[in-house]
Structure formats: C-alpha cells, structure tokens
Amino acid sequence: MFGTAIMPVETGLWDAVLYGDWYVSLLGIFIACFVIVNFIAVYAGVNTLMERKIAARMQARIGPYQVGPHGSLQWLADALKLMVKEDIIPRNADHLLFRLAPYVVFGGSFAAWVALPFTAGWSPAVMDVGILYILAVSSAVVIGILMAGWSSGSKWALFGAMRSAAQIVSYEVPVGITLLGMLLMYGTLNMQEISQAQETGGFFGFLTDWHGGIFSWGLFRHPPFTILAFLVYYTAGLAETNRTPFDIPEAESELVAGYHTEYSGMRFSFFFLAEYANMFVVAAIATTFFLGGWLPPFGHLVGRTFLVSPLLEGVFWFMSKCFFLVFVMMWLRWTLPRYRVDQLMDLCWKKLTPVAFINLMAIGVGEFWHLGGLMLGVAALAALGLLVSKEVARAEPVIQTPALNPKS
Amino acid sequence: MPIQEILLNIFFYAFALVALGGGIAVAVSRNIVRSAFALLAVLFAVAAMYGFMRADFILVAQVLIYVGGILVLIIFAVMLTHKITDVRLSNESAPGPAAIFACLCLFFALAAVALSYRWERAAPSREATVPSREGQPPIRLELSMTQGDGRTGVTPGGTVLDGFVRCAVAARGQGGEAQARFRLERGVLKESVWQWSEFRTAEARFRAAEPGTRRAEGSFDRLPPGPYRWSARIEDFEGETAWVAFGSQGEGAAADFVSERGLTKSIGSAFMGPYLLPFELVSVLLLAALVGAAYLARKEVHRQG
Amino acid sequence: MTDYLFSQRPLENLLVLSAALFVLGLYTIVTRKNAVSVLMGVELVLNAANVNFVAFSQYLPGRGIHGSMFTIFVILLAAAEAAVALAIIIGIYQNFGRVDVDQADLMKE
Amino acid sequence: MYFDYANILVYLLVAAGFILGSLIVGRVVRRQRPDPEKLATYECGEETIGTAWIQFNVRFYIIALIFLIFDVEIAVLFPWTTVFRQAGLLAFIEMGVFLAILGVGFAYVWAKGDLEWLKSLGEVRTEPSREGR
Chain L
0 MFGTAIMPVE TGLWDAVLYG DWYVSLLGIF IACFVIVNFI AVYAGVNTLM
50 ERKIAARMQA RIGPYQVGPH GSLQWLADAL KLMVKEDIIP RNADHLLFRL
100 APYVVFGGSF AAWVALPFTA GWSPAVMDVG ILYILAVSSA VVIGILMAGW
150 SSGSKWALFG AMRSAAQIVS YEVPVGITLL GMLLMYGTLN MQEISQAQET
200 GGFFGFLTDW HGGIFSWGLF RHPPFTILAF LVYYTAGLAE TNRTPFDIPE
250 AESELVAGYH TEYSGMRFSF FFLAEYANMF VVAAIATTFF LGGWLPPFGH
300 LVGRTFLVSP LLEGVFWFMS KCFFLVFVMM WLRWTLPRYR VDQLMDLCWK
350 KLTPVAFINL MAIGVGEFWH LGGLMLGVAA LAALGLLVSK EVARAEPVIQ
400 TPALNPKS
Chain V
0 MPIQEILLNI FFYAFALVAL GGGIAVAVSR NIVRSAFALL AVLFAVAAMY
50 GFMRADFILV AQVLIYVGGI LVLIIFAVML THKITDVRLS NESAPGPAAI
100 FACLCLFFAL AAVALSYRWE RAAPSREATV PSREGQPPIR LELSMTQGDG
150 RTGVTPGGTV LDGFVRCAVA ARGQGGEAQA RFRLERGVLK ESVWQWSEFR
200 TAEARFRAAE PGTRRAEGSF DRLPPGPYRW SARIEDFEGE TAWVAFGSQG
250 EGAAADFVSE RGLTKSIGSA FMGPYLLPFE LVSVLLLAAL VGAAYLARKE
300 VHRQG
Chain Z
0 MTDYLFSQRP LENLLVLSAA LFVLGLYTIV TRKNAVSVLM GVELVLNAAN
50 VNFVAFSQYL PGRGIHGSMF TIFVILLAAA EAAVALAIII GIYQNFGRVD
100 VDQADLMKE
Chain W
0 MYFDYANILV YLLVAAGFIL GSLIVGRVVR RQRPDPEKLA TYECGEETIG
50 TAWIQFNVRF YIIALIFLIF DVEIAVLFPW TTVFRQAGLL AFIEMGVFLA
100 ILGVGFAYVW AKGDLEWLKS LGEVRTEPSR EGR
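Chains as they are written, first to last, in numbering that gives the first Met the number 0: chain L, 0 to 407; chain V, 0 to 304; chain Z, 0 to 108; chain W, 0 to 132.
No lab work stands behind these hints, which were simulated from the structure alone. Be aware that a few hints might be false.
[As the list claims (entries may be wrong)] Simulated pairs of lysine-lysine, PhoX-like, Cα-Cα distance not exceeding 25 Å: (1) K350/L to K389/L; (2) K52/L to K80/L; (3) K349/L to K389/L; (4) K111/W to K349/L; (5) K298/V to K349/L; (6) K111/W to K189/V; (7) K111/W to K52/L.
Kindly generate the complete structure, drawing on both the sequences and the hints.
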C-alpha cells in the first residue's frame, strides 16, 4: 500500500507530483496518511490497555479483565464510552479557542509523525530538515496547551497550562543540545540518512567501514558521552511529554487534570491521543538517533531476510525499538515518585543542560580528533568511576521524608 | 495551464487568506489573547509561504523560533501584564479614519510598485562560437539554465534547489533539421581534486522560435546533491559540432551549478564563510539580550518581595 | 488580471501579500495602545520583510542565498528584540500598573 | 521538495478531518442532557471566585526568556552540524567561540539565581494566596 511513496533515499519524488502521475502520488499520500491516523488511534488505544495492565502488574492487581479475553478489548470499550460522553463547553470558556485548541495540540504531535523513518527509504515525507522539522512542529503543542488552558476559563486549567508550557520549553533546551551533539556524527538532518549512517562506523570514529551491528549505533560511537546523551535525551523527552515523574502540569492531587480539566468526552480524548502520539515520537527520535533506526542489531552476522521483505523487516525493528522505549516510559511511571516543580527546573537547567553541553563539546572533539575523543572518553569514564565509588562508600540507608513544601 | 500549477496556486491563495485573516485579527481583535493566537495563524501561514518558496530551513526556523519561542514569550507576557479585574483582557485601539486611509494608500502604493516593476527573471546566459563544417560560417550558441520550475534562472556557480535543472541552448544562423545533445558531468572530490565523470545525457529537438534563432531545452531531474557541469552540442544530418561547455573547462574548474536539497547546507557554509563575523556578533547580541532582559525581569521579582 | 491571479508569477503575488502584511502590522503599531499589541504589530512587519527577502532570494536569479541569510538574521534579532521589549513592558507594568504606550511618558517625571 | 510539503499538508488535513469526523459522529451518537450546573467552571464543587484570567509570577517569563535565547542558539547551530566535517578546524573554533559566549550568559543567569524556581519561597509562605502569582 505504500508502493507509490517508496523512494530511494537520495532523491525526492516531488516531481512525480508536479510533472508525473501526480494523482497516483496524491492517492498514495492519502492512503498512507489514512493508515497512519488509524494507526495512531489504535496505537493509543492499545497503549492505554498496556499501561493499565503494566500498572496492575506492578501493583499486584489484575487490571481490566471483563471486556474480551483478559480485557484485551477494553480499549475499544473506552473509545466507545468517550464517543457517547456529553461534550461540555463551560459557560466561562472562550468558545472559539476552546474548540480550536485540540486541533492545534493534535495537529502538532501528529505532524511530527510525517518525518519519522519507518523503514529504509520510506518516510511519509523525506525531508532534508527532518529532525529540525520534528522539533519545530512539536513546539506548536505548547501553543495549543496554552490555548486550551486559557480558553477553559478555569484556574486549574490555566495553572496547568502555564506550568506545562514552562516545563516543555525548558526541557526543549537539553533535547536540542543533545541532538546537536549526535548530529555532529551524522552530518545531516535527514532522518533517513541518520538511520543509514549508523550501519557502519564506530569506536570514536576510528572505524569508518566497520559493520559493527549494535556497536555502530549512535549509542556506542563515543561511549560514555553518547550513552549519557541518550539518558539526557530520554529523560528530557519524558519531561516533554508530561509523563510521570514529570507530570507536575497534570498532577492529579494538585491541579485536578491540568490544562484539559474542562475538556470532556471526545474533545478530551484528543489531548490524550496527542500525549500518546508524543510518547511515540520521543521514542522514535531516540531510536533513530541512538538505536540505529530500522537497522537490525546484529549487523551483517545474520542475514537480513528472515522476514518477508527488507522493508517490512525495517518496520519490524523500528517499531520494536520504539515500543520498547514506550514500555520503559510506562514502567518508569509506576516506579518513580513525582518531582516537585523546583526539582524539575533544577534537573533541567542545572543538571541536564550542562551535561548536554559537555556532551556536545566532547563529541565535537571526538569527531574532529579521534584520539582526543578517546582520551576524553577514558578520562570521563575514570571520573565517573571515581564518583560512583565515592558515592557507594558514603552511602548509608536514608529514609526519605516526603516533601514538606507541597506548594508550587 | 497544467493542473499542478493550479494546485500550487490554490495552495498559495489558501495560505495567503489565512495570513491576511490572521493579520486582520491581530490588528482589530478586541481581546489581546485572541490577537496573540491570531498571530499564530499568521506565523504558520508565512511558514507555509517559505515552503512554497522552497526555503525549507527558513520554514523550520520560523516555526521553531517564532511559534515555539517568541509567541510563547508574548503569551506569557500577556498573562503577566493583566490584572485580575480585566475580565476580557481588553485590547483598546484608536482607529481613526486617517490611519485606515493612510494604510490603504501605502498598501496600494506598495502593490503598484511590486506589480508594475519588471523583475528580472532570466538567468545570464553564456555565448560561445563553435567552428562548423568547412565552408560554413561558425555557429553562435547561447547557453542558459533554469530551475526545475522553468521560471527562475540559475547563474553560473549557482544552486539548484530540488535536483531538477533545465538547460537550454539557442543556436543562431543554423538551418535545417537539428537536435541538441546535453551532457551532464558530476564532480567527485578525490584527493582534494574534483574529478568529473559523465553522469547523464539528454537530447532535445530544436524548436523553431523565430527565423534565424532556434532553441532546444534539455532537463535533468532527480540529481543527487553535488556539483555538476554540463555541456551541449548540436547534431544534424550532416555532422555535429564540438562540445560547448557552459562554464570554464579543465581539471580543477568550478562547477556550473550545485544540486542541493534544501537550504541547510548552503546556510551552514555561509555561516562558516562570508557571514562569520555576523554569526559571532549574533552570539554577543544574544548574550546581551539574555543578560539585559534577565536583569530587567529579575528586578521585578525583588520588588515584589 | 487573470495573468496575475492564476499566474506564473509567484514573485509578484508574494510581494503583494507581504505588502498587505506590512500594512496590517503598521496599522497595529499605529492604533494599538497596549504595548504587547504594538510588539505583535512589529512582528507582523518583520514577517512581511522576511517574506520579501526570501522571495527575492529564491525568485531572482544570481542572488545566491543572501536574502535567506538576511531572513535568518532578522529572525534571530526578532527573538532578542522580543525578549528585551517584553522585559521592558513587564517593567512598565510593575511600575504603572498599565502597559499603554501613551502612558509611558509618565517616566519623564 | 513540493511533494514532501504536499504530504505534510495532506496529513494535517486528514488529522483535522479525523477530529472533526469523530466529533460529528459523537454528536450524532450521544444523548444531550443540558444542565446549567454542568456548564459551571470545575472547582471541586465550590462556587467560582473571580475569573480565571489572573496574573502570573514573573519567573515564568524568565524561564521562557532563557529558553528563547537557547532555542535561537540551537536553531543556528543545526546548519553548522551539517558542514562540520567539511569545514574542519575553522568550524570547530568558531563554534567554540559561539558556545563560550553563550556559556558566559548561562553562567551569569545561574550565578544570579534566575534558574532557581523557589527564590521567593519566603514570600510565598507569608502570602498564602500567591500561588501562581
């Protein structure tokens, strides 16, 4: 079904629209687009089920069990329920903006999917500014959230929106700087080429033609720094999706539900969908930049055709990696307690941002002068080891007292 | 007109309408928050215009900085500068007929200038004279090239933005049936010397435009990024001319044009080259803005306390 | 007229659009009292200028990417300008309780 | 290149159509039971006091301001990464200078305490109603 949109990495197909069978291409776009919209809806539904099952498992419960075998159709029931719920627009709301906000939020997170490299040579849109485009359209979500919060005419919603906006924009800084550092290795902003670039190479840039499989991935190119970069990116990405432990904006115990407090029924579900779509985008960027995109983990050791077609194989690996990262997000939700606002800002500005800066510099040095990068890496590993050993020596059991200041 | 052109035009007018509607809402809305969100529509429509102009990096810079940064800052400032008692966050304006009239006059003046001036479109072309067969006068050739859309010329050494270039050769004083053959060479950097090898060829028949001058156009599409040179020659039933190159020839000669997808790389090189000083000055400016604005805003925190 | 409406002339169309945006921005600057609104007008004017720069850069042959570079610098300057201007506006608000530009002359006293 | 933009546009249109479609389907399917109480702003059952459009604390602005400066910096560094390898030492030094100058700014706001969210903790305690102000 993607037949019309498959293209080699190095050429575009725009002239097919302008000068060739444009209607065929347009049809292809529509079909692919329709598939992806439905995929997001189903994916989000299955994700809710997955999340509830994981939560139940972690709390030694069973979770949804009634609808379908082992509750596996619960998400369909939820969708139906949302559909028939009454759609309420509060009296105090600014009606126009209240109706527009879901479009902006959903559009912002949905548009980012267009540039994701699902398999070799196929993205819905192969763009030369791919990653920058994803970062840019994601920032529209902030505006949508502010719109929703303000137009609701509710204090909870407005507080939630302001906090959410402040949090998302803050964490965009470490995300951007980290990705900059990784881009130094790939030398392109095109998501397809970034994935492709991880097929060969590795070890501080010394081995350029090495098919190292997992060791050619971005994660292990400049060992301590790229791994740190991954952790920084993943943490910051988690914060950008407003997930626990960074869910201050929608902290149930403080702000009811944050910026979508006043939304109900179907209109609410779009914020929900957008959140899950965003989680996937964060996981997909991490996959593309650090985990080799659609590349299989064993390089050329195992033949690449154990699935029917290489394209499907690419989809399989890409999706597996993404779903694994999404699963870790859910896992973290039920493992870690929520941060306070000041801790949140502290983590972003005083820890992640400086670390991201150091990573950028170190990877720059390593790409420019491989030996220097290696020496820096060894030095960093030694410093980390020293730090950890000191911490371990100093460690004593501490009973954490709950935060005394629930304010802010 | 081909349907593709109509689609492009519809696209243009749709986003122009969004931009104008948003602009009007910014100018006349009574509610300042609505003004701010109308500005969002304008910024997105302008970004779409950059897409229309194939300036991809500027498109994303516009969305990233204007929408994701400046607009958020403006909305925050609106939230910060309104009292609890301003129920509708009113946004007074004093529209006098004089202001409207003056603005309309200005608009018509600007539009008249834009529409009446004859903007230069064609690329500068290169003339060459090639010896022809014995007993005949030499043939004068004129070579030029345009972007894939056929409207915008490419200068020697210029950039083709979407891997689609049209090369044209015009011959004067040539009679009879003839066709032109275009040859494209791609440059590869080997040991810091550009090596040129034949990449693709194209043929085109001469179209008789007017007596005495004939034109043939060859097009190359889906060119991978990189530097290219092209040359052309004329073939007829009696023989053929020598290859005529558009730019200078030789082993280390510069490329006639560079194929690029998007502006990002050109902008990056420009930052490293002619715009080095402005680029560094921008960092100083950002530093000054950061320090100054943080100082101003911080003062208020202390006063509040 | 149809020559311009459904045209092969994207440059002229873009120039007229940017003229309209420019005039709307100017109108906003002239008539608004609220300083934040005035700033929005300034942003409109800057966007209009940017459209012109990029249009000239892309549609006139032989200009290289200098127009696009100017646009990028304008966007950068707009960011710095917005940051400082809004900080000043907030300062005015804290001092006077209003952000009307016609009241900023109180600072003379 | 137009192809990819057309693609994005179509995707956005389908996304908007998806929202619109499900809202319309929802409107057809569900029952409406209007009630003025339902239209009230949600405040945990309390009567709403004042409007929601209140004024916020300036630290939101400071955070957004620092973000904006770094956002701009990140945006101009992206094209740099694409030519980093070709440009060599010049690119490396240039960017070192660029980052160092911005690092000074970062150090400044850090030293001056602009990155602290709770700098006015004491004030917040003395005025309990200031949450969010």
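The hints, checked one at a time:
1. Taken as a hint, the K350/L and K389/L pair is honoured in the structure, with Cα atoms around 19 Å apart against an allowance of 25 Å.
2. Taking the CA atoms of K52/L and K80/L, the gap is about 19 Å. The hint holds against a cut of 25 Å.
3. For the given pair, K349/L sits about 21 Å from K389/L by alpha-carbon distance, which is consistent with the 25 Å threshold.
4. A threshold of 25 Å between alpha carbons decides the hint, and for K111/W with K349/L the separation of about 13 Å falls inside it, so the pair holds.
5. Using a Cα cut-off of 25 Å, the hinted pair K298/V and K349/L holds, with the two alpha carbons roughly 22 Å apart.
6. Between K111/W and K189/V the alpha-carbon distance is near 53 Å, which puts this suggested pair outside the 25 Å criterion.
7. Distance check on the hinted pair: K111/W and K52/L sit about 47 Å apart at the alpha-carbon level, beyond 25 Å; violated.
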